[in-house]
Amino acid sequence: MKRVEEFRDYLITLRYSEQTSYELPNLITHFLKYLEKEKEKTLSKVSKKDIDDYIQIIKYRNSEITKEKRGSIQINSYIYALRHFNKFLYNIHNRKIPVQHIEYLKEENKYKRTPLTIEEVKKLFGATDNTKFGMRDRVMLTLYYSCGLRRNEGINVNTTDIDLKRRLIFVRNGKYGKQRYVPFTEQSKLYIEEYLKTGRRQLISKAITKKRKILFISYRGKSLDSQSLMHRLKLLSKKASIKSRVGLHILRHSIATHLLQKGMSIYDIAEFLGHKSIETTQIYTHITEDDFQ
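So for the sequence shown, our numbering puts the first residue at 1004; every next one is plus one.
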């Protein structure tokens, strides 16, 4: 689609992150296909009602990837894409689509999310296999649990950001533009080495489009987005018979809680997680207190 490719180039020109420049056009493709198939319309004929109907579908129809209802963060990403696409149309083509009336959903209270237990995390690792996808799953768990990365931090990691010798991951695009190094254990090093030398190499060898630097790639060699990783995590959770809610950010919450329970200083945890303020980290003291009541 011509407009989608123009939109992608527009984002790249404005120096949006590689992940944003990849994901937003994909979400707009989803919207344009909806217009064509369900409304039998082109972009030039889109109405306010068409936009409203689309948002309702996003809210209440299951995701094609995870087969589950989308959360507020996912729904907001579609709204975010539409608003930025509207800016692109106005700035480049001097036209608009009726999206300004759409309001973002209030984010679910992330601090009410229950962290996994250490035993549940062990079950997730135990549910992985030794296929190329299983090796990739172990690295996913390593980055989001063992290293406590945020969702976008993990999917933006390149192979060149990993220093196996010093056991460090360089986070280039952290929140607020903050960069940091995150350490990992000897066991994590083994998982990452295994994936780089075997699993990822197998994926690259069969790939049509080869993303040479991105760590998480699909069997087609393309960058994996957060929904795809979330789908893999759901499969592991089901295989491990875990009843608790599981998500990429819950893995991050879990390692923070476990480190605090083991006696790590809250200041060290804040540095590890890349928090701008210690107040953000202090929420884990409340989570831990609730666990022991």
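What the hints contain is simulated information worked out from the structure, not anything from laboratory work.
All C-beta atoms in this analysis are idealised placements derived from N, C-alpha and C, irrespective of residue type, glycine included.
Don't take every hint at face value.
Listed next, the in silico DSSO-like pairs over lysine-lysine satisfying Cα-Cα at most 30 Å (straight line) [claimed, not checked]:
{"id": "1", "residue 1": "K1192", "residue 2": "K1241"}
{"id": "2", "residue 1": "K1242", "residue 2": "K1200"}
{"id": "3", "residue 1": "K1209", "residue 2": "K1178"}
{"id": "4", "residue 1": "K1192", "residue 2": "K1072"}
{"id": "5", "residue 1": "K1125", "residue 2": "K1241"}
Pairwise CB distance ranges, derived in the manner of DEER restraints [stated by the list, open to error]:
{"id": "6", "residue 1": "K1168", "residue 2": "S1047", "range": "39 to 47 Å"}
{"id": "7", "residue 1": "T1045", "residue 2": "I1015", "range": "21 to 29 Å"}
{"id": "8", "residue 1": "F1173", "residue 2": "K1040", "range": "41 to 49 Å"}
Hints versus structure:
{"no.": "1", "hint": "K1192 x K1241", "verdict": "holds, 26 Å"}
{"no.": "2", "hint": "K1242 x K1200", "verdict": "holds, 26 Å"}
{"no.": "3", "hint": "K1209 x K1178", "verdict": "violated, 34 Å"}
{"no.": "4", "hint": "K1192 x K1072", "verdict": "violated, 35 Å"}
{"no.": "5", "hint": "K1125 x K1241", "verdict": "holds, 14 Å"}
{"no.": "6", "hint": "K1168 x S1047: 39 to 47 Å", "verdict": "violated, 56 Å"}
{"no.": "7", "hint": "T1045 x I1015: 21 to 29 Å", "verdict": "holds, 25 Å"}
{"no.": "8", "hint": "F1173 x K1040: 41 to 49 Å", "verdict": "holds, 43 Å"}
Checked against the numbered hints above, the structure violates hints 3, 4, 6; every other hint is satisfied.
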